[in-house]
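> Just so you know, the protein sequences line up as chains Z and L, in that order. First residue of the first sequence: 292, per the numbering used here; consecutive thereafter. First residue of the second sequence: 525, per the numbering used here; consecutive thereafter.
These are calculated hints, taken from the structure and not from any lab test. Quantities reported herein were computed from a predicted structural model and do not represent experimental measurements. Cβ coordinates follow ideal geometry from the N, Cα and C atoms, glycine included. Certain hints may be false.
List time: in silico DSSO-like cross-link candidates among lysine-lysine, alpha-carbon distance up to 30 Å [said to hold, decoys possible]: (1) 528(L) with 302(Z); (2) 495(Z) with 477(Z); (3) 550(Z) with 531(Z); (4) 302(Z) with 617(L); (5) 528(L) with 623(L); (6) 364(Z) with 550(Z); (7) 519(Z) with 329(Z); (8) 387(Z) with 528(L); (9) 684(L) with 617(L); (10) 364(Z) with 329(Z); (11) 304(Z) with 623(L); (12) 477(Z) with 623(L); (13) 684(L) with 528(L); (14) 364(Z) with 294(Z); (15) 294(Z) with 304(Z).
Pairwise CB distance ranges, derived in the manner of DEER restraints [as the list claims (entries may be wrong)]: (16) 399(Z) with 684(L): 47 to 57 Å; (17) 350(Z) with 534(L): 14 to 24 Å; (18) 611(L) with 329(Z): 29 to 39 Å; (19) 298(Z) with 659(L): 36 to 46 Å; (20) 329(Z) with 684(L): 39 to 49 Å; (21) 682(L) with 369(Z): 52 to 62 Å; (22) 527(L) with 311(Z): 23 to 33 Å; (23) 679(L) with 511(Z): 48 to 58 Å; (24) 315(Z) with 529(L): 17 to 27 Å; (25) 315(Z) with 611(L): 40 to 50 Å; (26) 315(Z) with 679(L): 28 to 38 Å.
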Amino acid sequence: MLKQFSNFWYKFKEYIVLVVLVIVSLFTLSNNNNNSVKNVKTIAFSSFAFFSNIISNITTSALIKNENVQLRKMNAELMIQINLLRQYGIENQELKRLLALKDTTSLPLIPASVVSKSFNTTTNTFTLNSGQNDGVIPGMPVINDLGFIGIVQNVSENFSIIRTLRNVDLHLTVKDERSRVNSILKWDGDNLILTNIPYTSDIKIGDRIVISELSTIVPVTFPIGYIKSIDYSSTDIFNKVILQPFADLTLIENVFIIKMIQSTQINNLELNFYKKGL
Amino acid sequence: MKTKYFNSILVFIPLVLVQITLVRFISWNAIGPNLILIPLVFFTISNNQLFGTILGFSYGLLLDLFSGGLLGSAMLSFTVSGFIAGYFSNENKRHIYYKPLNFSFIVLLCSIISSIMFSFFTTIDFSRNLFTSIFDEGLLPGFYTSIIALIFIYFYPRRKLIEN
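One chain only, chain Z, in its complex shape (with noise of 0.2 Å):
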């Protein structure tokens, strides 16, 4: 019998390996929203991040002299605008305190640098070299000086992972600056596309579209991108819209985690999508 054993792993090692390797494999895919095993890749992912944030400073260094440049001209031309904005600030202010409106809270911006990138083209995730003692949880917001980047999904000591716009698993409720048209948008593998947009919908190419009010993951309205095309599809009801981000992911360095105080009340209220993903 051990005879016979010993043969059949003589002649078939490899492919017994093979077989349990890949059981073990599709095992832990299966497991991946596990508890434990959330805790052993965090423990590891920010235990590796140690290593790969000194390299990133090393090789960031010597792209910031460039991004100086850009920042002092993009430095002078938000100063133009925030005079502009002062003025309809005050106006703005002046409207709500007439019409007794509630002031939005103010928000707090931890700055991250993107350590690592992972480059899955479906479910994109960057790596930030900040984490639970800068105060950052999971479902905090992530954006640059363009707009919104991504969520944050996991957090360790001093590093993050976040879901960026390129990720399948990470579907925002957004709208139609001018017409506020609200759809769902979500990253195919391919393109950023707005789905649940019925036909007779009022939208142009070239609309921006920012964070709706009624998300349940980022209750404030930054912007994202602009409708870069339209595909009127005569056999569904609904538009196939492409959306073209404004921020370019692949050249992102620096980026904001906007700290977030969430209203518990409204949370108790509506149905968190966030949560129910994870």
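Once you've looked at the hints, dock chain L against the given chain Z.
Here is chain L on its own, set in the frame of chain Z:
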């Protein structure tokens, strides 16, 4: 025997750092090479299929853990890649498989299979065109990886290859 395990892990650590932090600088339109696959194929050819399968599994596990991605996806794709590369570990033909174009072709084959498997398990939305997906996520990164493999094996000392 122990040295080959040690060497393969020793090569992996700096390479995974480069893969995670620096590959983005040489990527084009989010398509980058899979540098981890090159030593996997290299060590598998110089050893055997069983070694390649286990090494692929180990590389995949570590990559999944370090990159913070979906745990199990790289494990599975690298295990299968290591197994396939193992078909080219014939002792009498190693010198042929280590020739630049042959080695590059083996890397291309393994990389395409690895990329397709990886994207298959990480893509949830199947509404995309299958051929476009295979082209974008399998062929393009595969070609990129094979070009890097070609450069690597071309400049790798012949003497060391013979020793292997």
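> All hints are to be evaluated individually against the structure, with a verdict given for each.
Here is how each hint holds up against the structure:
1. Taking the CA atoms of residue 528(L) and residue 302(Z), the gap is about 24 Å. The hint holds against a cut of 30 Å.
2. Between the alpha carbons of residue 495(Z) and residue 477(Z) the distance comes to roughly 19 Å, so the proposed pair stays at or under 30 Å and holds.
3. Between residue 550(Z) and residue 531(Z) the CA atoms are separated by roughly 34 Å; this puts the pair beyond 30 Å, and the hint is violated.
4. Proximity of residue 302(Z) to residue 617(L) is assessed by CA-CA distance (about 21 Å); at most 30 Å being required, the pair is judged to hold.
5. Distance restraint check for residue 528(L) and residue 623(L): the Cα-Cα separation of roughly 21 Å lies within the 30 Å cut-off, and the hinted pair is therefore satisfied.
6. This hinted pair checks out: residue 364(Z) and residue 550(Z) have alpha carbons roughly 27 Å apart, not beyond 30 Å.
7. As the CA atoms of residue 519(Z) and residue 329(Z) are separated by approximately 37 Å, the hinted pair breaks the 30 Å bound.
8. Pair hint residue 387(Z) plus residue 528(L) does not hold up; C-alpha atoms about 72 Å apart against a cutoff of 30 Å.
9. For the proposed pair residue 684(L) and residue 617(L), the alpha carbon gap of about 16 Å is at most 30 Å, so the pair holds.
10. Between the alpha carbons of residue 364(Z) and residue 329(Z) the distance comes to roughly 42 Å, so the proposed pair goes past 30 Å and is violated.
11. For the hint linking residue 304(Z) to residue 623(L), the alpha-carbon distance of about 29 Å falls within 30 Å, and the restraint holds.
12. For the hint pairing residue 477(Z) with residue 623(L), the CA-to-CA distance comes to about 45 Å; that exceeds 30 Å, so the pair is violated.
13. Straight-line distance between C-alpha atoms of residue 684(L) and residue 528(L) comes to about 14 Å, which keeps the hinted pair within the 30 Å bound.
14. Using a Cα cut-off of 30 Å, the hinted pair residue 364(Z) and residue 294(Z) is violated, with the two alpha carbons roughly 78 Å apart.
15. About 14 Å separates the Cα atoms of residue 294(Z) and residue 304(Z), which keeps this hinted pair within 30 Å; it holds.
16. Our hint of 47 to 57 Å for residue 399(Z) and residue 684(L) holds, since their Cβ atoms are close to 56 Å apart.
17. Checking the proposed 14 to 24 Å range against residue 350(Z) and residue 534(L) shows it holds: the Cβ atoms sit about 23 Å from each other.
18. Separated by about 37 Å at the C-beta atoms, residue 611(L) and residue 329(Z) satisfy the suggested range of 29 to 39 Å.
19. With their beta carbons about 45 Å apart, residue 298(Z) and residue 659(L) fall inside the hinted range of 36 to 46 Å.
20. In this structure, residue 329(Z) and residue 684(L) meet the distance hint of 39 to 49 Å, their C-beta atoms being roughly 42 Å apart.
21. Hint check: residue 682(L) to residue 369(Z), Cβ distance near 58 Å, so the stated range 52 to 62 Å holds.
22. At roughly 26 Å, the beta-carbon separation of residue 527(L) and residue 311(Z) lies within the given 23 to 33 Å, and the hint holds.
23. Between residue 679(L) and residue 511(Z) the beta carbon distance is about 52 Å. The supplied range of 48 to 58 Å therefore holds.
24. Between residue 315(Z) and residue 529(L) the C-beta distance comes to about 19 Å, which sits within the given range of 17 to 27 Å.
25. The hinted window of 40 to 50 Å between residue 315(Z) and residue 611(L) is violated, with their beta carbons roughly 22 Å apart.
26. Checked against the hint of 28 to 38 Å, the C-beta distance between residue 315(Z) and residue 679(L) comes to roughly 36 Å, which is consistent with it.
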